[in-house]
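Asks: The chain contents come next:
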Amino acid sequence: MQIRRREFLKSTVAVGAFAAAGAPSLNGLAQASETCTSQLGAGSWVASVCQGCTTWCPVEVYVQDGRAVKVRGNPRSKQNDGFCCPRGHMGMQELYDPDRVKVPLKRTNPKKGRGVDPKFVPISWDEALDTIADKILELRKNGEAHKYLLMRGRYTYMRDIIYASMTKIIGSPNGISHSAICAEAEKFGPYYTEGNWGYRDYDLDNCKYLLVWGCDPVSSNRMVPATIRRLSGIVERGTLATVDPKLQTSALKGQEWLPVKPGEDGALAVAMAHVILTEGLWSREFVGDFTGGKNLFQPGKTVDEAAFTEIETHGLVKWWNLELKDKTAKWAAERTGVDAKQIERVAKGLGEAAPYAAIWLGPGAAMAVRGSYTAMAIHALNGLLGSTDHEGGPLAGMKPPVNKMPSVDAYKDELAKQKHKKIDQRGTKAFPALKKGKPGKGVVTNNTAQGMLDADPYEIKMAIGYMNNFPFSCTGVDRWERAMTKLPFYAHLTTNPSEMTMFADIVLPCTVATFEKWGFVKTKQNRYACAGLLQPVVKPFWDVKTDETEIPWLIAEKLAAKGFSNLLDYYKNEYKDPDTGESAKNAAEFTEIATKYYLSPLWLKKDGPGDKIADWEDMKKKGVWNSDPYPFKKRWGGKFKTKTHKFEFYSETLKAALTAHAEKHKTDVDDVLKTCNYTAKGEQAFIPHYEPPYRWGDEKEYPFTFVDYKSRLNREGRSANAVWYMEFKKLDPGDEAWDDVLKMNPKDAKSLGIKAGDKVRVTSVTGSYETRAKPWEGVAPGVVTKCYGQGHWAYGQIAAKEFGVSAESVNNNEIMPADYDRLSGSTARNGGLVGVRIEKV
Amino acid sequence: MTQLGMVIDLAKCVGCGACAFACKSENNTGDRVNGQTFNWADFTIETSGKFPKVEQQVIPVLCNHCSEPACIPACPVEPPALFKSPEGITLHDEDRCIGCQACQDECPYSSEDVDKSGAQYSVISFNEPRVGVYRRESFEPVIERGTGSGSEVIRLTNSDPPDRNRYQHPSYGSKRREEVTEKCTFCAHRVAEGLLPACVGACPADARIFGDLEDPKSAPSKAIKQAKKTSRLQEDKGTKPNVVYLGAFTGKKNG
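Residue numbers (numbering that gives the first Met the number 0), protein chains in the order written: chain U, 0 to 840; chain R, 0 to 254.
What the hints contain is simulated information worked out from the structure, not anything from laboratory work.
Glycine residues also receive a C-beta, built at the ideal position from the N, C-alpha and C atoms.
Some hints could be false.
In the DSS-like style, the derived pairs of lysine-lysine whose C-alpha atoms are separated by at most 30 Å in a straight line are [to be verified]: (1) U:Lys839 x R:Lys115; (2) R:Lys252 x R:Lys227; (3) R:Lys227 x U:Lys746.
Some residues of chain U that are not near chain R, with every Cβ distance over 10 Å (derived) [said to hold, decoys possible]: (4) Lys252; (5) Glu278; (6) Ile310; (7) Asp578; (8) Lys680; (9) Arg711; (10) Ala779; (11) Gln796.
A few chain R residues facing chain U, derived, Cβ under 7 Å [as the list claims (entries may be wrong)]: (12) Val32; (13) Asn33; (14) Lys49; (15) Val53; (16) Gln56; (17) Tyr120; (18) Thr146; (19) Gly149; (20) Arg154; (21) Leu155; (22) Arg165; (23) Gly250.
With the hints as constraints, model all of the structure from the sequences given.
Replies: Here you go:
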């Protein structure tokens with residue numbers, strides 16, 4: 000027998016020694032002739048996409064006898080270099096989770112509420128779909144189609160079919176996504192400075208100074224494996240710095256940790272801008288220079304706007320005069336708790352490394368009350384450094400050339416054409432939700448519960464939700480529990496019996512992404528755009544269907560049979576097989592044909608950029624399409640999508656949006672900002688600036704500031720029932736396996752007489768809860784922190800203490816009240832949102 | 000002579016856990032029960048210092064495939080159930096094992112019961128007589144007739160665990176029988192096929208380097224030679240471990 004050397008050669012391991020050692024020594028295995036030998040367990044690698052986080056890694060699943068046995072990164076992916084993070088491997092624990100819903104269910108207990116047994120009984124798909132179709136048609140018959148609500152959680156881009164088109168053709172404006180509990184405030188920063196409503200990509204290979212701010216990119220924030228691979232390289236050739244109130248992996252690995260006081264991130268950002276300008280370290284190439292050549296940015300002194308000539312930017316001197324001139328490192332040190340010397344050192348380090356420098360803005364710094372301006376202030380540093388779109392900096396990214404959703408206009412009847420306001424109250428004076436420059440365009444996910452409770456603008460009579468669990472994942476949980484209790488009819492499309500399922504009238508069991516579902520995703524990372532294909536790598540062993548395609552088709556069939564065929568007509572006429580021109584004949588055909596429809600430009604446009612895909616079979620085999628690399632400086636030269644087409648330090652784009660919102664409500668911008676709980680007045684409204692944090696609970700009664708964070712093992716809130724999640728929870732710095740510990744500084748613990756493992760009562764303005772405590776040096780005195788993800792009272796037997804009844808610990812979203820960064824519509828969960836009192840039980 | 004070994008570059012490691020999960024996937028190791036971890040790949044985590052000057056050292060651990068292993072002489076079976084392969088892998092023959100746990104007791108990196116000893120990990124685990132590695136198989140459904148159960152998933156997939164990776168190796172099975180000990184094999188079944196151990200191949204940071212430590216030209220030997228700082232766990236015990244660590248997990252701080 001001969002030892003095969005494919006991976007040994009790749010890693011230049013001792014080939015010679017192996018030949019000398021003689022292979023039979025490894026116990027006489029038979030000659031391996033195939034890639035997948037019987038010794039290794041005959042099987043094959045099938046491509047799909049991990050949806051454990053929004054990195055959306057192209058992966059491959061090893062399939063033996065129709066079972067998924069292991070996962071790896073797709074070696075063809077240019078985003079993850081063929082590696083997935085721990086979440087990819089954990090996916091199988093969701094697929095084979097014994098607590099999955101296995102058949103359609105209906106509620107037999109009319110009473111609803113937390114802890115109330117729904118008394119679910121199994122029913123046929125036919126009965127379940129008939130019930131849903133009848134409810135839809137009843138609304139339509141009564142002219143109340145707008146009282147239908149579709150709530151979406153995580154998704155693939157097949158979302159159009161259930162979230163957009165079905166909702167619109169039925170006749171409701173209420174497609175409500177989860178987006179604003181995720182990161183809309185984070186997008187606000189780059190949009191109102193450089194016109195990019197989205198996540199940034201980063202050229203880490205060429206980065207010499209990375210400042211991570213409010214996230215841990217080796218754990219989350221959209222390019223996880225690529226960052227894991229590149230982090231040590233940055234430390235080796237340059238500097239890694241991290242701003243986070245809590246110790247995390249990037250802070251441990253890098254040269255600088257700036258443990259900012261929760262919510263004071265904006266102070267730190269404007270002080271860094273102040274230092275970069277006073278030290279003369281801004282990018283001359285990108286920002287421009289003083290006409291006289293002498294740096295006139297001196298602390299406390301205003302500058303004549305005419306003295307500075309800008310190149311790719313707009314409003315630098317206005318920003319200096321209005322905000323930055325007095326924001327010294329010393330000023331920031333008093334607020335942030337970060338040493339002034341460290342602020343200066345990091346700002347200078349960035350300036351010296353620029354433009355090979357990137358500020359990596361994460362939701363921790365943005366998803367806060369007033370977080371929009373913090374996001375702008377942090378992201379604006381990339382403008383000063385001239386690093387945006389530059390080698391080694393943050394990039395905008397590209398999109399794969401896939402098909403768009405076909406228009407629904409021809410399928411909307413008179414009822415569906417009626418205009419109605421949305422249930423989340425977006426666009427009202429107190430919810431500007433200024434997505435992409437348009438007032439009321441953004442979703443206010445978490446306020447949907449309030450809209451439902453207050454029947455404002457109207458009552459919601461029926462809702463469908465998929466891949467979501469809002470009574471767990473939204474702050475102010477009790478509002479969702481009450482709203483779901485009040486809702487007359489709810490159908491939940493889900494894999495697990497989650498908290499939201501417990502309020503359902505009909506439960507439809509769904510396929511698990513990566514393993515059982517057709518779909519596709521669009522991503523950008525590591526300088527590449529990518530289209531990734533999700534396909535069923537194994538046959539479902541439960542009676543489950545796909546939420547985004549099969550179920551809406553089946554509902555459409557029922558609606559057609561009962562006399563309303565518009566939806567089925569739309570699905571049949573608009574989603575045709577791009578190869579044969581044929582329509583789907585059933586749900587199973589539809590789910591594949593629709594996926595194929597979206598991706599078909601990848602092989603039909605022969606001269607397109609990026610990877611060459613021969614046909615659908617080739618796409619299924621490869622599982623991923625990679626673009627060409629992002630061209631640096633793509634938007635330089637006046638191509639930023641802002642009002643001025645420049646990088647705006649004085650945001651004309653925000654001025655236009657805010658003014659439009661104020662005019663809509665017949666008031667002025669000052670009044671809008673006051674209504675929305677910002678402190679800015681006058682021109683300050685249009686620049687990145689410091690806003691003091693807003694805290695629920697005064698410091699006397701609630702002396703500790705609570706910090707929420709995300710686990711590197713959280714699979715979009717779907718891993719709490721996985722044994723592996725609990726077993727390796729210790730991998731989140733400070734955390735313990737099989738526990739959900741509240742970390743506090745040992746000095747505070749000592750003064751309260753709290754030891755590791757003690758049960759503590761955590762009290763906030765929302766109520767009192769219990770969990771275990773752990774003294775830990777990773778937070779400052781006065782700060783306590785706990786990971787989001789545990790504290791389930793449903794979902795499964797590992798996740799809950801007693802299923803349907805009680806939790807082992809507390810869900811962070813119960814501790815935190817519902818509040819918002821209103822300009823973006825985001826739910827606030829960071830920035831020192833809530834104060835707590837801690838007592839030993 | 001050949002001595003397969005592993006280098007783990009702690010500066011590259013971010014402690015993500017992909018190695019541990021890839022190991023569990025590959026080798027179908029069980030869920031923790033009664034002081035047995037079944038984590039052939041695991042971690043020790045130590046925090047030191049005071050806020051804000053805090054360090055946390057994360058060390059990925061696995062069987063050290065020692066040159067002077069304590070486990071082999073501890074085995075009372077003749078010939079011992081634990082043995083050295085010619086490549087230097089410390090293997091375990093589950094057919095010969097009598098489950099006395101003496102190997103766990105003698106191995107400085109193992110513990111007969113981590114709950115009792117308080118050890119952060121144990122290289123060797125013991126399969127007590129029980130239903131199987133899939134811990135939840137006996138659970139009742141949470142919604143009667145509405146949700147699944149472990150035993151149902153096993154029946155429908157005809158596999159315990161359902162995601163069992165069915166490989167073959169002469170001395171150990173893809174799932175070990177009851178009443179024997181088990182531990183990391185350096186994925187000998189993969190190595191025989193020219194593949195890297197699962198933990199090495201899955202590391203997104205390329206922090207693990209596998210090969211012959213006796214060959215000065217091998218990748219791990221070169222990495223050791225170039226390293227400023229190397230360490231091995233509990234060298235004072237004299238077992239001559241063949242897992243070598245480079246650098247430190249927490250980086251040097253400015254200022």
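Asks: Does each hint hold? Answer for all of them.
Replies: These are the hints, each one checked on the structure:
{"no.": "1", "hint": "U:Lys839 x R:Lys115", "in the structure": "26 Å, holds"}
{"no.": "2", "hint": "R:Lys252 x R:Lys227", "in the structure": "18 Å, holds"}
{"no.": "3", "hint": "R:Lys227 x U:Lys746", "in the structure": "37 Å, violated"}
{"no.": "4", "hint": "Lys252", "in the structure": "5 Å, violated"}
{"no.": "5", "hint": "Glu278", "in the structure": "17 Å, holds"}
{"no.": "6", "hint": "Ile310", "in the structure": "32 Å, holds"}
{"no.": "7", "hint": "Asp578", "in the structure": "34 Å, holds"}
{"no.": "8", "hint": "Lys680", "in the structure": "35 Å, holds"}
{"no.": "9", "hint": "Arg711", "in the structure": "6 Å, violated"}
{"no.": "10", "hint": "Ala779", "in the structure": "6 Å, violated"}
{"no.": "11", "hint": "Gln796", "in the structure": "6 Å, violated"}
{"no.": "12", "hint": "Val32", "in the structure": "10 Å, violated"}
{"no.": "13", "hint": "Asn33", "in the structure": "14 Å, violated"}
{"no.": "14", "hint": "Lys49", "in the structure": "6 Å, holds"}
{"no.": "15", "hint": "Val53", "in the structure": "5 Å, holds"}
{"no.": "16", "hint": "Gln56", "in the structure": "9 Å, violated"}
{"no.": "17", "hint": "Tyr120", "in the structure": "10 Å, violated"}
{"no.": "18", "hint": "Thr146", "in the structure": "5 Å, holds"}
{"no.": "19", "hint": "Gly149", "in the structure": "4 Å, holds"}
{"no.": "20", "hint": "Arg154", "in the structure": "9 Å, violated"}
{"no.": "21", "hint": "Leu155", "in the structure": "4 Å, holds"}
{"no.": "22", "hint": "Arg165", "in the structure": "4 Å, holds"}
{"no.": "23", "hint": "Gly250", "in the structure": "5 Å, holds"}
Hint check: violations occur at hints 3, 4, 9, 10, 11, 12, 13, 16, 17, 20; the rest are consistent with the structure.
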